[in-house]
Amino acid sequence: MSKKNHNKVQQLVAAHQTGYALDRAFYFDQQVYQTELKQLFFKHWLYAGHSVQLAKPGDYFTFEIERESIIICRTKRGEIKAFMNVCRHRGSRICLSRQGSESSFVCPYHAWHYNLDGELIAARNMSEDFVVQDYNLRQVKLAVLGGLIFVSLADSPLGLESINNNLSAVFALYGFEQMKLAYKQRYVIPANWKLAVENYQECYHCGPAHPEFAKLHAMAKSPQQFLAKKQAYWQAHCTQPKFQSFDYYFNLAEAGQEGFQYDHNPLNKGVLTGSQDGQAVAPLLGELTDYSGGASELMIGPLSYFLIYDDHLVAYQFLPSAVDECVCEVSWLVNGNAVEGQDYQQTSLTWLWHTTTEADKRIITHNQQGVASQFYQPGPLSPMEGFQQQFLAWYLAALN
Amino acid sequence: MSKKNHNKVQQLVAAHQTGYALDRAFYFDQQVYQTELKQLFFKHWLYAGHSVQLAKPGDYFTFEIERESIIICRTKRGEIKAFMNVCRHRGSRICLSRQGSESSFVCPYHAWHYNLDGELIAARNMSEDFVVQDYNLRQVKLAVLGGLIFVSLADSPLGLESINNNLSAVFALYGFEQMKLAYKQRYVIPANWKLAVENYQECYHCGPAHPEFAKLHAMAKSPQQFLAKKQAYWQAHCTQPKFQSFDYYFNLAEAGQEGFQYDHNPLNKGVLTGSQDGQAVAPLLGELTDYSGGASELMIGPLSYFLIYDDHLVAYQFLPSAVDECVCEVSWLVNGNAVEGQDYQQTSLTWLWHTTTEADKRIITHNQQGVASQFYQPGPLSPMEGFQQQFLAWYLAALN
Amino acid sequence: MSKKNHNKVQQLVAAHQTGYALDRAFYFDQQVYQTELKQLFFKHWLYAGHSVQLAKPGDYFTFEIERESIIICRTKRGEIKAFMNVCRHRGSRICLSRQGSESSFVCPYHAWHYNLDGELIAARNMSEDFVVQDYNLRQVKLAVLGGLIFVSLADSPLGLESINNNLSAVFALYGFEQMKLAYKQRYVIPANWKLAVENYQECYHCGPAHPEFAKLHAMAKSPQQFLAKKQAYWQAHCTQPKFQSFDYYFNLAEAGQEGFQYDHNPLNKGVLTGSQDGQAVAPLLGELTDYSGGASELMIGPLSYFLIYDDHLVAYQFLPSAVDECVCEVSWLVNGNAVEGQDYQQTSLTWLWHTTTEADKRIITHNQQGVASQFYQPGPLSPMEGFQQQFLAWYLAALN
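Residue numbers (this note's numbering), protein chains in the order written: chain A, 1 to 400; chain B, 1 to 400; chain C, 1 to 400.
Read the hints as simulated data drawn from the structure, not as lab findings.
Wrong hints could be hidden among the right ones.
Just a few of them, taken from the derived set where beta-carbon distance is under 7 angstroms, the chain C residues facing chain B [stated by the list, open to error]:
{"no.": "1", "residue": "Glu-68"}
{"no.": "2", "residue": "Met-84"}
{"no.": "3", "residue": "Ala-111"}
{"no.": "4", "residue": "Asn-115"}
Where a beta carbon is used, it is the ideal one built from N, C-alpha and C, also for glycine.
Required output: the full structure, derived from the provided sequences and hints.
Structural data, given as structure tokens:
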């Protein structure tokens, strides 16, 4: 990016008024978007899937972000590795399916042949001075946290020690490593990615826009009501290990570490889990022995969110596909021993967050249409949008 | 717009050769388009609908231009007001339907609540220092001329006194205020808006391209034949009030006033109105007692045109949606007392101008394809394109 | 193009590493694309069709490249001429069909009337000082080589004498002038045009990607095997006139002359022609009396390729439609006396190259997706991609 364009982005950042929504340019400007790709998406850790999706050596799936495609596979030695899905010869995609199983990767164009570690092992009819070892697939940094696979396109990604150390008990309690991917859906939203993320980060809209959610989650109430309810709930249950709270998120992240946040919040009275009637939809997770009437929220990096009910986990990954389009990938995970049709029904399991995400898609689309107006003026945010404000402060600093 | 881009537009304007078609750049250049939005579309008055569409307090419809959406509604006190369909909180669209009836406007996102005057009356859970009165919806200037609703996005719009004063007799004669919207259709045209407007403003193409129109309107004949026919017609009828002529259009507009033009022209022999067989298709308008064999043409501002037959009115509104796409909204209005199925049939009423607009859409599309050529050279205009030349002269001056 | 943009293209050219694939920018940059249009597409000769498509005066077809449309017709005197399909009045397309027959060309907009030589012969209601002769359609340079029609949008196109002189015996042998267009298909490929051309110019991918082709053509073997096979084949047959070789292509083109290349290559053992089973699919071409077990390859200009089997000819024309989309037009031509259903079946005739082109479309699409990655690095080319390297060297020089 030229110095001129950098200055333009800096001027937009400097002109932002704290406590207010973002200016129109942040949602439409190509320079802002290119800066975001570089400073956010190609830097932070992104949730790509669960290790149970790669049962045996050779199993792979691809992870797509913007114009990038990444192969994530289990190697012969059982490790999980990631590399760019771009042939080192003339750049063709190598894996054309979203998932599969291969003993090695052969580029469909000119048959350059890579092993499961992404190393080039054969290239037909090349010059004598061609050195096979020079053309391994570009490795992508990968980490597994409690079975969850994260990737980073950065050369030197942020550390994950803080997350691992702090959350190991939570991961163990909920049995993160023994989960099963029950369902996954992509929602393509014709809006800038920030409108989707901002929407996820505030529950000011839950009351008016999500009656299904508001019926179940205490969070949709006014701040006073919610805090009172939360206090009572914690006092009654806080001996359990899931009642912890970590806030190393956004500007509170430790130096050089990926930011994260973990919190546990009450559901409404009589509600066990995030389902249409609030009743159980799957076997209890991990080491849990009973429903406690709450749900945990976990955020790892700026774009990967996890909502953990006692009987299932919903993973949200927000990804840009263009300045005016983003994708929300939602995964539903259950106890690794659960059997579909017997222990859970897919439609019951996914009802709440499919309904809510479809509603959010509409809301976000209308927000995009509105901020496209030359007469749109960023308005003041509510205290119920405080978490969104933390995101905005962090986001603006990250553009520098 | 930067000074550099402004200079570019100015150079294009300076290079234009009077009497010739516009250069290719005027139809494709983004800087030209942005200048047009600012200097034309967001400045002049635009026809948005008829007051009969808002029968009672709370009735509203939206008017869309480019990326803007405007709510036009009847207030509790019976006034008609317009405001941007953009919430003052985070910019969401407020009204999602093209028309409806509401006792107040509640933003579907966070439930900010506006009355029918666009004033914010409630916003949940805001800070204590939040002043509700500071966040009314942005008012849009609105005027009603003979029942026709016009809006202007300008802060200080052009005056409408000249139109009101000069046309009051015409409005009264045709009963403009007591009309009924019989039908409305949007035609999306994959072409720059000027090709659509230029097409509307000349009848050089009517003979070759619109046999249906040419059969009915004397205007499709050669200039000599048309003028002779018009003279004879005026001598026979000119005592009636519709036989007037006002030309305050384009460069002839009075200082500070919106431009307009009114003229009355003969139909072909035996033709009563703009219908497939030239015979009546609806009850006479307003105070008319008989068909006179002519039709009035009224243009208000650069983009709103009205063709007034003795028994119905056809309103044309041209609106850009992007540099290479525009929308032509056509409305058919009849006597306010007419009953569909009894006094008029929708298909008969709309036949001529639906047929003609579909043909124009094809013509304009082929024109866009042709001027996209790097080898396109603007050619000389015909005297029958004189009115289009007036438009071009005014348009080029307006870009400055 | 501004000096700044020119410099940018020059820097990209200078940064290219010989022997490697092109950098990402060459496939996505708008300045590169505009330079290509000017320096390549609007300069070189392009195959547009065969003269047999214009049997009698008034017959025409249109040829589309990027945003340009060209009318190619047979005049009253039997000549073949080409002109821009852009009216000299206001730029409308004149011919709206891809092919047809007209006694003259009347613009559908305002009825400007051109004869079959593209001369304006009438324009209604123009000013008295209007000179009809000043507004003929813009002529496009056209040449017929052995019945094949080529057009050039250049003012002073490259010479074709070298091609005509060297190839006359080949044209006569194969009866180029007496061919029949059996079938034509457009393949729209969502990729930069160079990825399509590069794909056509190397057979390194034929083995892995085109089993149908590899079964028939010796060229898909390793270079050593292919050369041995070719030597044996030439020794057995080289008395025939089709066994010639001309390499005046790319940087070897004679000064001021269009580049071309002609070569004759063996098919696999027992294969007569390019068909599913290698057996004959149409009557022998021209003066041929038997199958010789080979096929000729002819390239005229950088974008028009001809594969000549003993019983049919396949013509490839590559055309850009945008920086990220191109069109591959494939024509199958047979002996002019052949009768469909009797002497050949369309599906048998087109099977091999329809199958192969569909496969190439997939390959090229995946290549485009891969080079879109910010992590794509151009890799080293194989000796089997030598011809592609010649193209790249010539292409980079042509951008200057």
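Structure-based check of each hint:
1. Glu-68: holds, 5 angstroms
2. Met-84: Hint holds; Met-84 of chain C Cβ to chain B Cβ min 5 angstroms, cut 7 angstroms.
3. Ala-111: Holds, about 4 angstroms.
4. Asn-115: violated, 18 angstroms
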